[in-house]
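Participant: Sequence:
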Amino acid sequence: MQLSAEQRLAIEYIDGPQIILAGPGSGKTLVIVEKAAYLVEKVGLDPGHILVLTYSNNTADELNTRLQKRERDKPLPQAHTFHSFGQKIIEKRFDCLGYKESPRVLSDYRKYMLLRQAYFETAEVPIGLSNPDSIIYLLKDFVSRSCDELIGPEKLRGFIEKKELYLASITNGDQLADEREQLDDLKFATRFYEIYNQKKLGDNFIDFEDMLFGLYRVFNENPDVLKAERHRLKYILVDEFQDANSGQVAILALLGEKTEKICVVGDDDQSIYRFRGASYGSFVNFKRVFPNAVTHTLTVNYRGTPQIVAASQVLISHKTQDRFDPNKELKSGRKSGPKIGAFISTDVNSEAQSIVSLIKSLFDKNVKPRDIAVISRVHDHRKQVYEALTKADIPVVEQKPFSIFSIHDVQIVFSLIRGAFLDEEAGWIFPILFRYCSDFNPGQYSQIRENLDKLSPYELLTELEGITEISSLSQSGLKSAMDIINSIKELIPDGSASKLVEKAFELSGLLSKVVAIDENSNRVAKALSQLWQAANDFEENEQGDIHDFLNYLKWAEKTGTITLEQSRANGVNLLTAHSAKGLQFPVVIIVSLSERKFPQNDRDKRFSLPQELSREIQPPPDAHTQEERRLMYVAMTRAADRLYLSGIQRTRVRVSRFFSEVISNENFDEYGEVMKFGNLYTEPEKAISQKTDKDFSLKLSDVLYSAFSTGKDTYHKKTVLEDSLILLTEKLWSVISSSGYGQSPDDFKKMFIDLIDRCKLKEVEPVVIEKEEKLKLSYTDIETYNSCPLKYKFKYILKIPEEVGPHVYLGSAIHRTLYEVMSTVSKGEKFSVYELKKTFLEKWGGYRIGDKAWAESLKNAGLRMLENFAKREMKNRLRIVDLEKKFNLEYDNFILTGKIDRIDEDENGEIYIVDYKTGRIGTSEKANTKADDQLFIYALASPNLYDKIPAEVAYYYLSDDRLVSFIVSEKDLQRVLEKISGVVDKIAKENFTSTPSSFECGRCSYKNICPDKVD
2 MQLSAEQRLA IEYIDGPQII LAGPGSGKTL VIVEKAAYLV EKVGLDPGHI LVLTYSNNTA
62 DELNTRLQKR ERDKPLPQAH TFHSFGQKII EKRFDCLGYK ESPRVLSDYR KYMLLRQAYF
122 ETAEVPIGLS NPDSIIYLLK DFVSRSCDEL IGPEKLRGFI EKKELYLASI TNGDQLADER
182 EQLDDLKFAT RFYEIYNQKK LGDNFIDFED MLFGLYRVFN ENPDVLKAER HRLKYILVDE
242 FQDANSGQVA ILALLGEKTE KICVVGDDDQ SIYRFRGASY GSFVNFKRVF PNAVTHTLTV
302 NYRGTPQIVA ASQVLISHKT QDRFDPNKEL KSGRKSGPKI GAFISTDVNS EAQSIVSLIK
362 SLFDKNVKPR DIAVISRVHD HRKQVYEALT KADIPVVEQK PFSIFSIHDV QIVFSLIRGA
422 FLDEEAGWIF PILFRYCSDF NPGQYSQIRE NLDKLSPYEL LTELEGITEI SSLSQSGLKS
482 AMDIINSIKE LIPDGSASKL VEKAFELSGL LSKVVAIDEN SNRVAKALSQ LWQAANDFEE
542 NEQGDIHDFL NYLKWAEKTG TITLEQSRAN GVNLLTAHSA KGLQFPVVII VSLSERKFPQ
602 NDRDKRFSLP QELSREIQPP PDAHTQEERR LMYVAMTRAA DRLYLSGIQR TRVRVSRFFS
662 EVISNENFDE YGEVMKFGNL YTEPEKAISQ KTDKDFSLKL SDVLYSAFST GKDTYHKKTV
722 LEDSLILLTE KLWSVISSSG YGQSPDDFKK MFIDLIDRCK LKEVEPVVIE KEEKLKLSYT
782 DIETYNSCPL KYKFKYILKI PEEVGPHVYL GSAIHRTLYE VMSTVSKGEK FSVYELKKTF
842 LEKWGGYRIG DKAWAESLKN AGLRMLENFA KREMKNRLRI VDLEKKFNLE YDNFILTGKI
902 DRIDEDENGE IYIVDYKTGR IGTSEKANTK ADDQLFIYAL ASPNLYDKIP AEVAYYYLSD
962 DRLVSFIVSE KDLQRVLEKI SGVVDKIAKE NFTSTPSSFE CGRCSYKNIC PDKVD
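Take the sequence shown: its position 938, counting from 1, is numbered 939 in the working numbering, and each next residue is one higher.
There may be inaccurate statements among the hints.
Mimicking DSS-like on lysine-lysine, the simulated pairs with C-alpha atoms at most 30 Å apart in a straight line are [to be verified]:
| # | residue 1 | residue 2 |
| --- | --- | --- |
| 1 | K514 | K555 |
| 2 | K527 | K555 |
| 3 | K990 | K800 |
| 4 | K490 | K777 |
| 5 | K839 | K455 |
| 6 | K93 | K141 |
| 7 | K235 | K89 |
| 8 | K555 | K500 |
| 9 | K839 | K886 |
| 10 | K455 | K900 |
| 11 | K838 | K872 |
| 12 | K156 | K112 |
| 13 | K1008 | K527 |
| 14 | K235 | K332 |
| 15 | K980 | K775 |
| 16 | K235 | K200 |
| 17 | K228 | K401 |
| 18 | K949 | K972 |
| 19 | K164 | K200 |
| 20 | K89 | K75 |
| 21 | K228 | K101 |
| 22 | K320 | K332 |
| 23 | K75 | K43 |
| 24 | K235 | K93 |
Computed spacing ranges between beta-carbons, pair by pair [claimed, not checked]:
| # | residue 1 | residue 2 | range |
| --- | --- | --- | --- |
| 25 | Q199 | P587 | 21 to 29 Å |
| 26 | F888 | T825 | 21 to 29 Å |
| 27 | L584 | E426 | 39 to 47 Å |
These aren't lab readings, by the way, just hints derived from the structure by calculation.
Beta carbons are placed, not taken as given, at the ideal position from N, Cα and C, and that holds for glycine.
Generate coordinates for the entire structure from the input sequences, incorporating the hints supplied.
Facilitator: Right, dumping it as structure tokens:
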């Protein structure tokens, strides 16, 4: 292998600590392999005395393959990840960490369960009960970050004690409230961290983070162990150092500070996995530990053409970008190639058509599909590209993980197993009914949903014939389903996970698909096989009780952990910028380059580690944007021969700043060109004959007409028709999935909704409307529209049901309790805390919640809220005028509706409106801006109800025991009326354009079917 002068210089330098800055395509891996060979073959070091470390398992595997190929007469050292190196040491010296025997490594599932247990044990009423999993994952990140920084619970407690003293000196009320909330969060996170550690130690487990933090502790607290390892190691070689955290740098410092025989290799411009902080943090930290470190820079990119290298250099050398070596500049080692292409589309659909046209033109240049990569910031940003390529019969290889639970037959087996375990969460009965009671109509499904509040799913199936009329066909199907469920149920006491799955396959008739699987098997068969393998893995690795198998499958479904293997077919590669790291392609097309997509907006995270405790350098204010720019740089430098940038720009959507930075450079004409594809949209061909159209219409009308044959008059025709379409969608997917077609149920539903939305049905006869019905709106309706117009459409126009969590039951139980008890108070009677709690527990007992730990915490939260309420109410001197007072305010083109929780009156006849809130108030800054339209709408209703504007309107936050009051002016009322009128006008014009954001999409019930969601 011919080495360049700068490569050889970097390889042969071994006189002290060394930094090798290796840009993309500069031969980084080659240099590492040759340096390892040089140490063995020329210096004469024993390979067992050389420690080669890298960032991930994939890079370790690749490096080991290259090392093995390079071996001559002597073996070369083996590469390890930091974590596998730490695990190896801990398994030998486990006693140094307080373990009595060598600990086992936590699986992802077992770790989740321990995290969940720690969460519910951290406090009687934990933080964030509306969505425990979202808080648990934030706390998991907090623990991970603490371990990366080598910070244990004891150091955090010391910081908290000092912070308490500081808070005692604050006199500003708002500042104190904000600081107090942040400190309370830190206290909760620290206690959670402590309990989680105790659980790991008690159960003899270590996790991924312990492999680093534990390794540091073993070395730092046991000088004899450190001395022995220092004596063994004669040289340390580290790959992908740009992604090293401060804890890893500290470990290297312990191992290498005596001999200084250490070399780190990486590229600060490609740091895309840092939790936070500047890109060059690891290199700066290394220079602090080894101030005499020598830097060698590899400046030649042998992969990309001069045009690609020039464009990527323009991006990464932007004036706002912080770099370890600001003067570092790469040049291409190849001959000149085509200029990079840049084009702008107005939306994702026209972009997709442009990309199809571009790829077809590349085929004309003899470019093969597998040589092309379409790269996006996240998977969902290339959905339209996938659809357009598929429609154009261009083969694709989609790198987006595909969960086996998206396959209908897998859902059937999973549902049968859930039924056998008597799972109280109701979702599992619907796949079974779709399969075994195929002639059920929407009216019957509505009856089933109503009864699920009273009966468990299993009880409902056993009593179904008494709930709704069932045809002989469905009776037979239901009996088959219940026989299967009961047969599986009989295996549970003495059976195994794999036996349960095998029995479900056998009795459902799916076993033949699984046993006949081979490389040519379709997606359904492979997914079923993966489910069976998951059961075997559970038995082998999880060592859990058979009843835990259900929780394991639920976790796997929720996290998408069990996925189908990626296709190895010859197709256009579709992948994200992160997954493209380390790869290269002759042609790269980077898509959806608009602001908020690439770069994405930064997300504030709760439970952040105090900067005062961080070993990292202070991150710059624009650290997130800088990391996004590095990610774009990584995407651009995957290209070898051709690079194309696809921007999106229209009214209110700005093209990505990264796109602009590349094309607005004064030298752009030398390395790039702007491309135009014109209007590529074409009307679809009318490929269906009139006769076929009529036949199709007749068959579809038969399907929908069956919805009206319920034999009951309790369901409005429009509602039944809507339910029919939902049922039809589910059944269409079940057929498509069972046949092995379709990408996923979510994608299918998105497509189906889009098709329905585009259809404009003509009225057969004109309909005479005597009086136009006014739009009725509540505050919730308005808030839904303002948060996202498309969500409003899903909820109120298409009437797609929303999923509700147990926290909604808490709000309902609290409101019902306060109404019932305070109604007696308004009549002159007294109340007690005991009465409040007793009434609440009666209401709470009526809800069926499968998640017992969550339910218990919610119950405790409700009891504490009522204690807060009672203390405040005992001091209240106002008279209750009304409770849950409904109103309807009619205006020219809309009716404003609502229900006020409570109206009080003082001795002077002034009115006070109160709305109860079971959620948290947040910081005082948020509270001061929390007088949203809900309270103003209630104030609008007051003159109609009580002939006067209220003296005050207020939110009472029961969790925080805080009453936040506001004085309302005529100006406020006029302003809110104008806002509502604006929303009404937009709804009348059918303006339902989505307004996606990571926050809104993350909590939206319709994210799984929304075509515009962002991650």
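Participant: Within 30 Å, alpha carbon to alpha carbon, are K839 and K455?
Facilitator: 21 Å, holds
Participant: Taking only the CA atoms, is the gap from K514 to K555 under or equal to 30 Å?
Facilitator: With Cα atoms ~23 Å apart, K514 and K555 stay inside 30 Å; holds.
Participant: Starting from K235, check that the Cα of K89 is at most 30 Å away, please.
Facilitator: Holds: K235 and K89 sit about 18 Å apart, inside 30 Å.
Participant: Hinted pair, alpha-carbon criterion (30 Å max): K235, K93. Please report holds or violated.
Facilitator: 21 Å, holds
Participant: Given the proposed pairing of K555 with K500, does the C-alpha separation stay at or below 30 Å?
Facilitator: Since the Cα atoms of K555 and K500 sit roughly 18 Å apart, the hinted pair holds (cutoff 30 Å).
Participant: Tell me if the straight-line CA distance from K980 to K775 falls inside 30 Å.
Facilitator: 17 Å, holds
Participant: Below or equal to 30 Å on CA atoms is what counts here, so check K228 against K401.
Facilitator: Status violated; Cα separation ~46 Å.
Participant: 39 to 47 Å was suggested as the range; check whether the CB atoms of L584 and E426 agree with it.
Facilitator: Taking Cβ atoms as reference, L584 and E426 lie about 41 Å apart, which means the hint holds.
Participant: Tell me if the straight-line CA distance from K156 to K112 falls inside 30 Å.
Facilitator: 23 Å, holds
Participant: Starting from K228, check that the Cα of K101 is at most 30 Å away, please.
Facilitator: 23 Å, holds
Participant: Take the C-alpha atoms of K235 and K200, compute the straight-line distance between them, and say whether it is at most 30 Å.
Facilitator: Violated. K235 to K200 sits at ~38 Å, over the 30 Å cutoff.
Participant: Within 30 Å, alpha carbon to alpha carbon, are K839 and K886?
Facilitator: 25 Å, holds
Hint violations for this structure: numbers 4, 14, 16, 17, 25, all remaining hints satisfied.
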